[in-house]
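There are 2 protein chains.
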Amino acid sequence: MRNILVIGSGKSASYLIKYLLDKSETENLHITVGDLNVVNASKLTNNHKSATAITLDVFNKKSREDAVKAADIVISMLPARFHIEVAKDCITYNKNMITASYVSDEMQALDAEAKKKGLVFMNEIGVDPGIDHMSAMQVIDRIEAEGGKLILFESFTGGLVAPESDNNLWNYKFTWNPRNVVLAGQGSAAKFLQEGTYKYIPYNRLFRRTEFLEVDGFGRFEAYANRDSLKYQDIYGLDNVKTLYRGTIRRVGFSRAWNVFAALGLTDDSYTIDESEHMSYRDFVNSFLPYSPTDSVEIKFRHALKIDQDDVVWDKFEELDIFSPTKMVTLEKATPAQILQKILLDSWTLDPTDKDMIVMYHKFGYELNGKKHQIDATMVTLGEDQTYTAMAKTVGLPVAMAAMAILNKKITTPGVLRPINKEVYLPLLEELEDYGIVFKEKKVPYLGYNPLNV
Amino acid sequence: MRNILVIGSGKSASYLIKYLLDKSETENLHITVGDLNVVNASKLTNNHKSATAITLDVFNKKSREDAVKAADIVISMLPARFHIEVAKDCITYNKNMITASYVSDEMQALDAEAKKKGLVFMNEIGVDPGIDHMSAMQVIDRIEAEGGKLILFESFTGGLVAPESDNNLWNYKFTWNPRNVVLAGQGSAAKFLQEGTYKYIPYNRLFRRTEFLEVDGFGRFEAYANRDSLKYQDIYGLDNVKTLYRGTIRRVGFSRAWNVFAALGLTDDSYTIDESEHMSYRDFVNSFLPYSPTDSVEIKFRHALKIDQDDVVWDKFEELDIFSPTKMVTLEKATPAQILQKILLDSWTLDPTDKDMIVMYHKFGYELNGKKHQIDATMVTLGEDQTYTAMAKTVGLPVAMAAMAILNKKITTPGVLRPINKEVYLPLLEELEDYGIVFKEKKVPYLGYNPLNV
Numbered sequence: 001m002r003n004i005l006v007i008g009s010g011k012s013a014s015y016l017i018k019y020l021l022d023k024s025e026t027e028n029l030h031i032t033v034g035d036l037n038v039v040n041a042s043k044l045t046n047n048h049k050s051a052t053a054i055t056l057d058v059f060n061k062k063s064r065e066d067a068v069k070a071a072d073i074v075i076s077m078l079p080a081r082f083h084i085e086v087a088k089d090c091i092t093y094n095k096n097m098i099t100a101s102y103v104s105d106e107m108q109a110l111d112a113e114a115k116k117k118g119l120v121f122m123n124e125i126g127v128d129p130g131i132d133h134m135s136a137m138q139v140i141d142r143i144e145a146e147g148g149k150l151i152l153f154e155s156f157t158g159g160l161v162a163p164e165s166d167n168n169l170w171n172y173k174f175t176w177n178p179r180n181v182v183l184a185g186q187g188s189a190a191k192f193l194q195e196g197t198y199k200y201i202p203y204n205r206l207f208r209r210t211e212f213l214e215v216d217g218f219g220r221f222e223a224y225a226n227r228d229s230l231k232y233q234d235i236y237g238l239d240n241v242k243t244l245y246r247g248t249i250r251r252v253g254f255s256r257a258w259n260v261f262a263a264l265g266l267t268d269d270s271y272t273i274d275e276s277e278h279m280s281y282r283d284f285v286n287s288f289l290p291y292s293p294t295d296s297v298e299i300k301f302r303h304a305l306k307i308d309q310d311d312v313v314w315d316k317f318e319e320l321d322i323f324s325p326t327k328m329v330t331l332e333k334a335t336p337a338q339i340l341q342k343i344l345l346d347s348w349t350l351d352p353t354d355k356d357m358i359v360m361y362h363k364f365g366y367e368l369n370g371k372k373h374q375i376d377a378t379m380v381t382l383g384e385d386q387t388y389t390a391m392a393k394t395v396g397l398p399v400a401m402a403a404m405a406i407l408n409k410k411i412t413t414p415g416v417l418r419p420i421n422k423e424v425y426l427p428l429l430e431e432l433e434d435y436g437i438v439f440k441e442k443k444v445p446y447l448g449y450n451p452l453n454v
Numbered sequence: 001m002r003n004i005l006v007i008g009s010g011k012s013a014s015y016l017i018k019y020l021l022d023k024s025e026t027e028n029l030h031i032t033v034g035d036l037n038v039v040n041a042s043k044l045t046n047n048h049k050s051a052t053a054i055t056l057d058v059f060n061k062k063s064r065e066d067a068v069k070a071a072d073i074v075i076s077m078l079p080a081r082f083h084i085e086v087a088k089d090c091i092t093y094n095k096n097m098i099t100a101s102y103v104s105d106e107m108q109a110l111d112a113e114a115k116k117k118g119l120v121f122m123n124e125i126g127v128d129p130g131i132d133h134m135s136a137m138q139v140i141d142r143i144e145a146e147g148g149k150l151i152l153f154e155s156f157t158g159g160l161v162a163p164e165s166d167n168n169l170w171n172y173k174f175t176w177n178p179r180n181v182v183l184a185g186q187g188s189a190a191k192f193l194q195e196g197t198y199k200y201i202p203y204n205r206l207f208r209r210t211e212f213l214e215v216d217g218f219g220r221f222e223a224y225a226n227r228d229s230l231k232y233q234d235i236y237g238l239d240n241v242k243t244l245y246r247g248t249i250r251r252v253g254f255s256r257a258w259n260v261f262a263a264l265g266l267t268d269d270s271y272t273i274d275e276s277e278h279m280s281y282r283d284f285v286n287s288f289l290p291y292s293p294t295d296s297v298e299i300k301f302r303h304a305l306k307i308d309q310d311d312v313v314w315d316k317f318e319e320l321d322i323f324s325p326t327k328m329v330t331l332e333k334a335t336p337a338q339i340l341q342k343i344l345l346d347s348w349t350l351d352p353t354d355k356d357m358i359v360m361y362h363k364f365g366y367e368l369n370g371k372k373h374q375i376d377a378t379m380v381t382l383g384e385d386q387t388y389t390a391m392a393k394t395v396g397l398p399v400a401m402a403a404m405a406i407l408n409k410k411i412t413t414p415g416v417l418r419p420i421n422k423e424v425y426l427p428l429l430e431e432l433e434d435y436g437i438v439f440k441e442k443k444v445p446y447l448g449y450n451p452l453n454v
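Listed in order, the protein sequences are those of chains A and B. Under the working numbering, the residue at position 14 of the first sequence is numbered 14, and the numbers go up by one with no gaps. Under the working numbering, the residue at position 191 of the second sequence is numbered 191, and the numbers go up by one with no gaps.
Mixed in with the good hints, there may be bad ones.
[Unchecked claim] In silico DSBU-like links for lysine-lysine, alpha-carbon gap of 30 Å or less:
#1 Lys372/A to Lys300/B
#2 Lys327/B to Lys300/A
#3 Lys242/B to Lys231/A
#4 Lys231/B to Lys231/A
#5 Lys372/B to Lys300/A
#6 Lys306/A to Lys333/B
#7 Lys306/A to Lys300/B
#8 Lys372/B to Lys242/B
#9 Lys306/A to Lys242/B
#10 Lys300/B to Lys242/A
#11 Lys242/B to Lys242/A
#12 Lys327/B to Lys242/A
In case anyone wonders, no lab produced these hints; they're calculated from the structure.
Please put together the full structure from these sequences, using the hints given.
Here's what the structure looks like:
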């Protein structure tokens, strides 16, 4: 019997646990799911004979160590900042470990010890980061093996609502952490590389510099720049690329409307609004507009943001009911971002029958035999329901598959890793196809940003 | 002989030291000017028989204590963060102290001890803060003594270039710390009170929500909101005001043009630009605009900021030569704000014969006998040359006068103080008039922001 410890039974754990339980008989597995709230863990183990739900507080050293000691491999699905204590125990007790989170500096610092002990610490193996790494590296390695030289890499991912549930004017609902959506893009400027030039976009222009993407069968999307495009240059070994850009996918028109919130200051999380608990939505919006004894909040809003009366963007704000004088904020000492999140949750919460969708789009530009070429690769995954979401599927399945591959000694290279090597991505991408997570590639004319070569 | 210790001989110390030296004979004074660089101190003491220039490092305990011990009163003209060690010595050795800086939490914490020992620690007694406090409280106290009730207080200050030296399209030159000008308004939203409603303006709209001010004999100005308007409510005892607003004065048109820098991201100080040392001004501006193999930086700039070809704002940017392909940034690993500052210094540095100007404008709205009234008070001070600037005069003279008043036991109330009481502001404002620092008051119709009372 091999014991797998899964710590955390949040949204992203459903598919992961289902996958492992489905294999428990043939693979001789026992799965222990530990959560601060054992009821959450029990929902996912669902009285399965090969599973146990336990109460596990990662800040309780004893219970954490006992659980780690009893396991053959440890999967942490906790928020990223909680991995490190578990990781240190895994070093101490010689356990392999898997997370879907970005490699933190603390995690990276364990690399030498993990290598010395021959332990695999696989990270960034969810969807983004995760499937993006694997699918990109598969094409990059292939192009380079054929003698091609990468000159352009662009990669976009979005968590969206499935077309059948897409019934609001923003073509958007919260399918993941709403707070991250409200705060997206804040901080330092987005930075990327375009035809050999570093480019910077400050927050207040981020949502006005989108680009369009077409996905066969799903229509048109748009993407705004992520803050971190350049860190992938080293990780992917893209020393010669002239263009390197990563972005977040939304349906067309979302960003232009969202920019209005950013421009007004409604996404700010750095200070609290006075007497927010007594405000209506209308009062909240009005507090960012000049005082007038006569002019309506609506006309001040339109004037400040230069929105024509027949502009389609206007209906998006009315749909959210942000001008309501009767809907109350109720939150005490709330930041603008917290209040906006509350307003958006009224409209953007998934209905019980709603389904989500993950969209990924890569562009690979390369030179081969003196000519320029481009491959576009796209992937769309739809959710089944609100437990077995596309997000849970694309995050959880690669984690679960990596756990089996490590347990079965198919992945053996030790260290603090990302899934960028063939040993990892080849078997996983192949198995993901069995679950409908498939990249469609097509050759397209290479245009880049200087098609006439002037 | 009374010994006055002045620590710091920067820009704002010229008038201060001149004032004290002019009184040294009649008032029996000896002035010691301590600076890290004794050459700077010597320039201001200028071999005067009643003055000594010394090397003083405030982080050297012994030299700091020796200097404090030998003094009857201590004036710290250092940057605000360096006052506290001096202040603690003043407590230890029973010395009164004066600064022109905002009361820090650390300084405030000395209040009880200062009171217990009967020491006067006078702060915020420069121009802004300083003359603004005194001139505002004089009118506020008078209105209240007459039975009036304050309902509106707005206060604006600006450090500008004198009309005779005002010869660029921005009507602006650096007359004080350029870095503070470039970073002005960043951080949390500006917050103020307008007709009983809290209003918030985020940075990216700050320079587009200005208001106009007319000063007799000097024409039209504009002002954008300071971040901190509300903290004056308690200090001034303005419990009933419905409108409370503090702002920074510029010449008309400055803010609309400056907003372009803020919108493009050129004022950001939170990250560094790659390879900044090899960039031309043109490259720098271009790094915030989309790549194009053909379109000029100028047309991309105009398009991104929606600047018509005949808009007067355009000439302001050309005047700064920000599109120059030959002028080089040269700064290594510089933030956008640092690079912008360098570009602006090319154009906005005072010529040797240039003079500066301080403009202050207060509006007091009040109810008396059932009617609404308004008093506007304005003050303009012009500099004499680049040593005896308006800034140095308006900062240094109140500090020097407060030192004499404390030394001569005319100001005796102990504690960590601001100049908001009659004991302080009455004699100082009167004496400031002798030096040409005069407020002109006029009654104007009260309009507020709801003139029709709807």
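Going through the hints against the structure:
1. Distance restraint check for lysine 372/A and lysine 300/B: the Cα-Cα separation of roughly 27 Å lies within the 30 Å cut-off, and the hinted pair is therefore satisfied.
2. The hinted pair formed by lysine 327/B and lysine 300/A fails the criterion: a straight-line CA distance of about 43 Å is larger than 30 Å.
3. The hinted pair formed by lysine 242/B and lysine 231/A fails the criterion: a straight-line CA distance of about 51 Å is larger than 30 Å.
4. For the suggested pair lysine 231/B and lysine 231/A, the alpha carbons sit about 42 Å apart, so the restraint of at most 30 Å is broken.
5. Note on lysine 372/B and lysine 300/A: the hinted pairing holds, with a Cα-Cα distance of about 27 Å set against a maximum of 30 Å.
6. This hinted pair does not check out: lysine 306/A and lysine 333/B have alpha carbons roughly 37 Å apart, beyond 30 Å.
7. Restraint check for lysine 306/A and lysine 300/B: the C-alpha separation of about 21 Å stays at or below 30 Å, so the hint holds.
8. With a C-alpha separation of about 13 Å, the suggested pairing of lysine 372/B with lysine 242/B holds against the 30 Å cut-off.
9. Distance hint between lysine 306/A and lysine 242/B is fulfilled; the C-alpha atoms sit about 29 Å from each other, no more than 30 Å.
10. As the CA atoms of lysine 300/B and lysine 242/A are separated by approximately 21 Å, the hinted pair is consistent with the 30 Å bound.
11. Using a Cα cut-off of 30 Å, the hinted pair lysine 242/B and lysine 242/A is violated, with the two alpha carbons roughly 57 Å apart.
12. Straight-line distance between C-alpha atoms of lysine 327/B and lysine 242/A comes to about 25 Å, which keeps the hinted pair within the 30 Å bound.
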